[in-house]
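Following the hints, put chain B in place on chain A, whose structure we already have.
2 protein chains.
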Amino acid sequence: MSDKAPGKPLGPIPAGFDTIGGQLAIGGKTAAQLVQQAGGTPLFVYSREIIAATMARLRAAMPARLHINYAIKANSHPDVLRFMADLVDGYDIASGGELEKIMAAGIDASRVSFAGPGKRDWELGSAISAGVTLNLESEGEAERALAIGERLGVTPHLAIRVNPSFDMKGSGMKMGGGAKPFGVDAERVPALGRRIIAAGADWRGLHIYTGSQALSADAIVETQANVLDLADQIASEIGQPLPKLNMGGGFGIPYFHGDEPLDIAAIGAALEERFGDLPASLKDAHLCIELGRYLVGLAGVYLCRIVDRKVSHDEVFLVTDGGLHHQLAASGNFGTVVRRNYPAAIATRFDTPADEVQNVVGCLCTPLDKLSDKGFLPHAEVGDLVAIFCAGAYGASASPAQFLGQGPALEVLV
Amino acid sequence: MSDKAPGKPLGPIPAGFDTIGGQLAIGGKTAAQLVQQAGGTPLFVYSREIIAATMARLRAAMPARLHINYAIKANSHPDVLRFMADLVDGYDIASGGELEKIMAAGIDASRVSFAGPGKRDWELGSAISAGVTLNLESEGEAERALAIGERLGVTPHLAIRVNPSFDMKGSGMKMGGGAKPFGVDAERVPALGRRIIAAGADWRGLHIYTGSQALSADAIVETQANVLDLADQIASEIGQPLPKLNMGGGFGIPYFHGDEPLDIAAIGAALEERFGDLPASLKDAHLCIELGRYLVGLAGVYLCRIVDRKVSHDEVFLVTDGGLHHQLAASGNFGTVVRRNYPAAIATRFDTPADEVQNVVGCLCTPLDKLSDKGFLPHAEVGDLVAIFCAGAYGASASPAQFLGQGPALEVLV
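Protein chains in written order, with our numbering: chain A, 1 to 414; chain B, 1001 to 1414.
Here chain A stands alone, though its shape is the one from the complex (with noise of 0.2 angstroms):
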């Protein structure tokens, strides 16, 4: 869409949507064949060849030495999690419900990692049994760790999560710099070390995260440099190699009109540089990222029905029977100051030139409810159904979906 279409811009399609029959299409199915299937509407759709496709193009843009984890926070989907399972090289999940998620689709806990600042003596116990490692949040969490290993005769196997003293530019969440909940400030963070290798614990490194959805691949290097160069401070000052690096996410995706993919090829060129010359404290470590949205965002479609298409002094709205109780971040999370567009169009006109500014707007009673703000789109009727993109990620996990009574959407991976 060009700056000179009517209406307000709407977020840029991703790729890997087809066309049949005129309509959206995922997979090899229109998007009325696909509803159909699931059993209605609203309708989370997500594409095994799109995240697939992401993986491949990541794989190739990353040195070969570095892991790649899926951090199920953004979409834990059971089919998901299995899809994900020969494609990823760990899991990050973030409290004992995800664990339960992980041990239910059938995943090794070994290759999981657990972050999060309020974890209950119940869900140390539970992920130290099941052998997953452990990212520390504090002083007092290490020593609960400690104490619920030793009395289930378990060696947990513990990492630290740092708070580093800088965080990631350009990002959309900060993580890092200053007073935080997470992690351990850094300069703290050595006497920690060397407490829990002298308890006998299974020692595992490091995670530094610092910030999230970031666009910046400018950011993102002088981020992970910054990470690798405090992950060296800190190993020198326990005296030993760090076993394992998680250098934590941020990877971004294109949401809004104007926001460009993030070069993951000049990410990966600076990495493999960086790779080349590793001090000794991180030569033998095991390096990793850790990524959820960008893995599986733009993957997901957002499907729902046109219910009344209505006018209210000279505005269209076309009534849809979804909304923010299923993408709380499209509607603009209940009152941002600013809301932007994501990528939306009329699935069964996907080929159809747009010719009409219409609001999409969902079916709760708050004037918040909007999925689309005067968009440029396809003339719509009753009946159609609207798709809104980027709809993989924090879509159906992260909404409330009990609002007014409403309850959760279908969800299928194709």
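Since the hints were derived computationally from the structure, they do not count as laboratory data. Among the clues, some could well be false.
[What the hints assert, rightly or not] In silico EDC-like pairs for lysine to aspartate or glutamate, Cα to Cα no more than 20 angstroms straight-line:
#1 K1283(B) / E1237(B)
#2 K1374(B) / D185(A)
#3 K1244(B) / D1277(B)
#4 K1004(B) / E1356(B)
#5 K169(A) / D218(A)
#6 K374(A) / D1185(B)
[As the list claims (entries may be wrong)] Computed footprint of chain B on chain A, listed as stretches where at least three residues anywhere in the stretch have a Cβ under 8 angstroms from a Cβ of chain B:
#7 50-64
#8 82-96
#9 137-144
#10 303-310
#11 317-330
#12 358-364
#13 391-403
Glycine included, each C-beta is placed from N, C-alpha and C at the ideal position.
For chain B alone, coordinates are given in the frame of chain A:
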């Protein structure tokens, strides 16, 4: 808390809470007892006593002929729905899911009206069969309702939701004025009203909702006057007196430091005066308001337990087992620009003087998961319970409970 307290101000703790043995007590039980009986934390506790007291004050302030409905979107816990049955005159719902909750609670569907811009055919059919009054949101929805009524052989009870040309000044969320997905633009309502009457439906008048969470009595008084004028004008154009007028809601509660309680006496006095001089079109009308947050918001407390106490760069973080997955609004809705604190307390040290600035955060891996920012509170330790007040409305029902695999909180009415 005075303006001179260190840290950032907390919202005002609502009236009606007690102290027993130094702890916050609700319904004669301490926070610790309530948690033990409910089986753990996080736990929403709703107080019968506070709801009843709120209703009693409201009845005393409002004209006797004004009916007061409960909008269950604020809190649809089954025990709350049943408890309301003897306190309120009717219920307002926003989805077929909420209708199922009403039926499950054994509430007479003839007391219920249903508004919502995206009602599906199955929702219209269920509501018509049950005898629920539909607040129609468009001409298209009206035609669907009439057709479904005919097919079912049931006379539908139909009202029209009006999109007025004015909104409620100072309301937290404006629901009228300009182009909106809600209701029928005022100038098109008379024609639709005549159509509904001519079609033989049971004509239930108008629903005019203009905003929510207003703390200014003047704004509500002015809006109610506008609503009555508009209803009279529409009734005159339709050519017969109105059987019923739902004047909407909008009564707000104090969440933040500096918020003053709504002056309901002023609203009641103004309504009394208007009701004494109603035009012929409204003289015999069933007049009601619909309130959700105002009836239950102050009656709820969210209790969570401190899992970790940590210091980062000289700031104290009390990490709890709760978070934005249960109390999204208290956290700032995924990134409000100016985040303000709801009222908060250390429930297990309720009568201990504040002596330390502490952050209360949730257990989620996001810096947005903050329940109370730099509040001046009694020094708290691991195991203490934190109370976040104003949790009776739009807490459990409007938060992303599945985020990061956490699952819902417990809920109890005491």
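Against the structure, the hints come out as follows:
1. Distance restraint check for K1283(B) and E1237(B): the Cα-Cα separation of roughly 16 angstroms lies within the 20 angstroms cut-off, and the hinted pair is therefore satisfied.
2. A C-alpha spacing of about 19 angstroms is found between K1374(B) and D185(A), which places the hinted pair at or below 20 angstroms, so the restraint holds.
3. For the suggested pair K1244(B) and D1277(B), the alpha carbons sit about 17 angstroms apart, so the restraint of at most 20 angstroms is met.
4. For a cut-off of 20 angstroms, the pair hint linking K1004(B) to E1356(B) stands: about 14 angstroms separates their Cα positions.
5. For the hint linking K169(A) to D218(A), the alpha-carbon distance of about 9 angstroms falls within 20 angstroms, and the restraint holds.
6. The hinted pair formed by K374(A) and D1185(B) meets the criterion: a straight-line CA distance of about 19 angstroms does not exceed 20 angstroms.
7. As drawn, the region 50-64 of chain A meets chain B at 0 residues by the rule of a beta-carbon pair under 8 angstroms; below three, the given contact is violated.
8. Counting residues of the region 82-96 of chain A whose C-beta sits closer than 8 angstroms to any C-beta of chain B gives 4, which meets the bar of three, so the coverage hint holds.
9. Under a criterion of three residues with beta carbons nearer than 8 angstroms to beta carbons of chain B, the stated coverage of the region 137-144 of chain A is upheld, 5 such residues being counted.
10. Look at the region 303-310 of chain A against chain B: 4 of its residues bring a Cβ nearer than 8 angstroms to a Cβ of that chain, three or more, so the hint holds.
11. Figure legend: the region 317-330 of chain A, annotated as covered by chain B; annotation consistent (7 residues with Cβ-Cβ distances under 8 angstroms, at least 3 required).
12. Beta-carbon proximity to chain B at under 8 angstroms applies to 5 residues in the region 358-364 of chain A; the threshold of 3 is reached and the given coverage holds.
13. As drawn, the region 391-403 of chain A meets chain B at 8 residues by the rule of a beta-carbon pair under 8 angstroms; at three or more, the given contact holds.
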